[in-house]
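Make a model of the complete structure from these sequences and hints.
One line per chain: the protein sequences are Z and E, in this order. Those letters in the first sequence? Residues 1 to 499, per the numbering used here, in order. Those letters in the second sequence? Residues 1 to 499, per the numbering used here, in order.
Wrong hints could be hidden among the right ones.
One-sided excerpt, in silico: chain E residues whose CB lies under 10 Å from chain Z [said to hold, decoys possible]: (1) A13; (2) Q43; (3) W223; (4) G226; (5) G238; (6) R281.
With beta-carbon atoms standing in for the labels, derived distance ranges [to be verified]: (7) E/Q224 <-> Z/S197: 40 to 46 Å; (8) E/D175 <-> Z/W209: 53 to 59 Å; (9) E/E119 <-> Z/T217: 29 to 35 Å; (10) Z/R97 <-> E/E6: 27 to 33 Å; (11) Z/S58 <-> E/A176: 57 to 63 Å.
Subject to a maximum C-alpha distance of 27 Å in a straight line, what follows is the list of computed DSSO-like cross-link-like pairs (lysine-lysine) [unchecked claim]: (12) E/K447 <-> Z/K207; (13) Z/K335 <-> Z/K186; (14) E/K447 <-> E/K321; (15) Z/K218 <-> Z/K431; (16) Z/K447 <-> Z/K207; (17) Z/K385 <-> Z/K123; (18) Z/K230 <-> E/K207; (19) E/K7 <-> E/K86; (20) Z/K186 <-> Z/K171; (21) Z/K479 <-> Z/K166; (22) Z/K230 <-> E/K230; (23) Z/K207 <-> E/K230.
No lab work stands behind these hints: they were computed from the structure. The beta carbon of each residue, even a glycine, is placed where N, CA and C say it ideally should be.
There are 2 protein chains.
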Amino acid sequence: MEKKLEKLKETIATLADIGGVQAILGWDQQTYMPPGAAEMRGQQTATLGRLAHEIGTSPELGKLLDELRPYAASLDPDSDDARLIKFAIRDYERATRVPADFVVEQAQVVTLANQAWAEARGKSDFSIFRPHLEKIMELTHRFVGFFPPADHPYDILLDAFEPEMKTADVKAIFDALRPQQVELIKAIAAQPQVDDSFLHQPFDEQKQWDFGVEVITKFGYDWQRGRQDKSAHPFTGGPGVNDVRITTRVTPDFLNSMLFGTMHEAGHAMYEQGVAQTLVRTNLIGGASLAVHESQSRMWENLVGRSYPFWQHFYPALQEKFPQLAGVPLDTFYKGINKVQPSLIRVEADEATYNLHIMLRLEIEMALIEDKVAVKDLPEVWNAKINEYLGVTPPNDSQGVLQDIHWSWGLFGYFSTYALGNLISAQLWEKINQDIPDLDEQIRQGKFDALLGWLRANIHVHGRKFMPQELVQRVVGSKIDSAPYMRYLRKKYGEIYSL
Amino acid sequence: MEKKLEKLKETIATLADIGGVQAILGWDQQTYMPPGAAEMRGQQTATLGRLAHEIGTSPELGKLLDELRPYAASLDPDSDDARLIKFAIRDYERATRVPADFVVEQAQVVTLANQAWAEARGKSDFSIFRPHLEKIMELTHRFVGFFPPADHPYDILLDAFEPEMKTADVKAIFDALRPQQVELIKAIAAQPQVDDSFLHQPFDEQKQWDFGVEVITKFGYDWQRGRQDKSAHPFTGGPGVNDVRITTRVTPDFLNSMLFGTMHEAGHAMYEQGVAQTLVRTNLIGGASLAVHESQSRMWENLVGRSYPFWQHFYPALQEKFPQLAGVPLDTFYKGINKVQPSLIRVEADEATYNLHIMLRLEIEMALIEDKVAVKDLPEVWNAKINEYLGVTPPNDSQGVLQDIHWSWGLFGYFSTYALGNLISAQLWEKINQDIPDLDEQIRQGKFDALLGWLRANIHVHGRKFMPQELVQRVVGSKIDSAPYMRYLRKKYGEIYSL
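Below, the structure written as structure tokens:
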């Protein structure tokens, strides 16, 4: 049986290698690839995808997994081998349920849909995107139909990003959270607004870059196993563990994009870098889920990077780099980077309003899957909902229903993970502060090794071994829960806005 | 039969895609890959190599090729399809002759040998490299043994780089050339030396980079389908045609590395970019051979870039960028960049001495294959030969037998292609000057479109369709021949050194 396991591991290593190569190609595509190479690149990635699909759905692999099933049951269920087999079975079953010609059709549809979305957003004309989105919804329904019925059809979509997570659980979490966030935002809106005008002025681009590098180097981002480049949309890429690459965006007249974008991506990247070396070339590298991944990026960006102790340490260095901030006191700066302002665009939203952007997306996605809303009515539905939650009205669809790229890629079930990540980050933060009582003081001294060490030992090292709810339960003693996040928001913004 | 051809083309397209991906990984490895990723990268490329080998040596492919053989014979032998089948058979036969475990063993040996070579060169201690090179020679003999006997065992090695080229032909070409080059160098040495001290002074690195970019943009390097980065050793990489990437090296106190290195690599790259779009995803992209490739790089570097008309156009712009050259007249500059000086290091050699560096390597490689010289005696043999040809004596092995990386990679049969490239470049140049009588005047005006157009139509567009000797014969009406190169050297250096 051990020989069979070795054979399985060889197959998985091959798939991991191909996946790693795909990750390099993806990174290259968004950083350095010459524009004329796009079509060729599409063919290269399609070929690698086809080879991986052939290997990952081969009958021999299926037979091997069938044979290993009883063996896996005899192992410690938390052992690497048991988890590796579990995920191999999971991945095999998901891959074999979806016919190859469906995958090809979907790839073609989203390529066109993505182009149409870009055009539609540019012209703020939903009608350009509408037929493509209708086609994507049709494909999404067919996709769901390949799987055995679930409690809710949306479960099947969610499961791709949050393994074993249920729609009902996400909905329950969001339903509890929404009224509290809405209430908090209203209370903030009733107070005088803070000043953040000093963030909107020219900042030397090279100095911005250098400052970001300084910060994430102190965080513990490992440059031996990573690098930073520029891209239009910041992302974390690469094969993982020993090759994890981040990008950032430097805006010449606004400090925040580089500052918090760099910390955000470094948070993702340090997670990937912290996965156990023993898991390299297995199916267990990467994070437990998108939500757990986001808990790491948001922790470094917000709980660390937008905290008062952080800026007690870093603000003098920032002021030295940018003398235009010399006259801005620390308190003013701190409040400015934490300004709460209901707005139209998710990716520009602050900590207090962000989750509401997600909730409306989840509701719309669920309604689409349940056939309770038609694609043609989306702009109207969108505008009504964002007005209800945030009190703002999009002047056009570019700033409304067309703002995100996700649907054009056929990514349904993805958005919730952003909000869940926020919640998990606060749950972890409470636990970390119990385990490291002087954490604030350490941050005030610019020391992050205990924090990173804790995250490595409790989260990173496990890679993808545990399901997200299972991992959170193991670490903090309860499942995903919004209470810590609300406590965090109330305390922080209560102080900032004198509530 | 057309269906079978389609099936062959699909297989070849898959192999081309994998090869293209390998090329991207190779580029990344030498430009941006984090150092800690090296081991992971080794596994990824090994996996892709194994997949390509499995596809490229599969019995189904062999059967398909057997079936297509008579069909190929019925086609116009110069047609793309006939050539595609011919090369598919050639590649299949070469790949299936070499056992898979030999390939694995060789990969392991050269990995260690490469490390040992780097250490040996660093310490200038041949004994560190010697056992590895002995192992490589043993492998090389075994490799030759996998093939049917050739006129000379070295033919089998040469054929990997110069398809269908014979050792006897190369030797005859070099034997005719050597005494003439030696004689020319002696004549030059008897004359007063030219001054090139002005090339050795500080030159702003960004300005150097910018000037190189200006030059190759005028040449016609297509930035839509390429890019330039920095690397320790300049190279041309990428999958080809629509994705061809070059690197350069900028030395802060010497102008030549960036200047001629950039033009050299652009020459390679424009060849790759000029291959017909219809050959993308076939086995016919890339160049006809390494020698033909080198004819393109050396043409742009030397016949264009070290010519008087070129600098009549570009020297004012260079002087404007670098005011330190204001007092250096054009004639002095031209002579300086063409200084002839027998030296120890091949990659730093001038046009008049370069080929002699190659000839001594060919003789040593042939003697090794013929078992006429032992690895342990190489330093002595090397030093004697370079003294005989160039009148210089290496003070240590780093500047002698250890200077090149090629043998540590197991690359035997490679070096000749550099010299053959020089010869071909001069043959093409004579023909081009017949076809474009005012070429000098065009260059003097900074116009290169007619030259590039000629190269595209006569050389580039064909990709790998023709064998090198066949291609040269088609274009200039004779096989590879040293007479045009000697005419070129005598005329140019006769003027510079008043012979």
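Comparing the hints with the structure gives:
| no. | hint | result |
| --- | --- | --- |
| 1 | A13 | holds (8 Å) |
| 2 | Q43 | holds (6 Å) |
| 3 | W223 | holds (7 Å) |
| 4 | G226 | holds (5 Å) |
| 5 | G238 | holds (8 Å) |
| 6 | R281 | holds (6 Å) |
| 7 | E/Q224 <-> Z/S197: 40 to 46 Å | holds (41 Å) |
| 8 | E/D175 <-> Z/W209: 53 to 59 Å | holds (58 Å) |
| 9 | E/E119 <-> Z/T217: 29 to 35 Å | holds (31 Å) |
| 10 | Z/R97 <-> E/E6: 27 to 33 Å | holds (30 Å) |
| 11 | Z/S58 <-> E/A176: 57 to 63 Å | holds (58 Å) |
| 12 | E/K447 <-> Z/K207 | violated (41 Å) |
| 13 | Z/K335 <-> Z/K186 | holds (18 Å) |
| 14 | E/K447 <-> E/K321 | holds (21 Å) |
| 15 | Z/K218 <-> Z/K431 | holds (22 Å) |
| 16 | Z/K447 <-> Z/K207 | holds (22 Å) |
| 17 | Z/K385 <-> Z/K123 | holds (23 Å) |
| 18 | Z/K230 <-> E/K207 | holds (22 Å) |
| 19 | E/K7 <-> E/K86 | holds (15 Å) |
| 20 | Z/K186 <-> Z/K171 | holds (23 Å) |
| 21 | Z/K479 <-> Z/K166 | holds (12 Å) |
| 22 | Z/K230 <-> E/K230 | holds (17 Å) |
| 23 | Z/K207 <-> E/K230 | holds (23 Å) |
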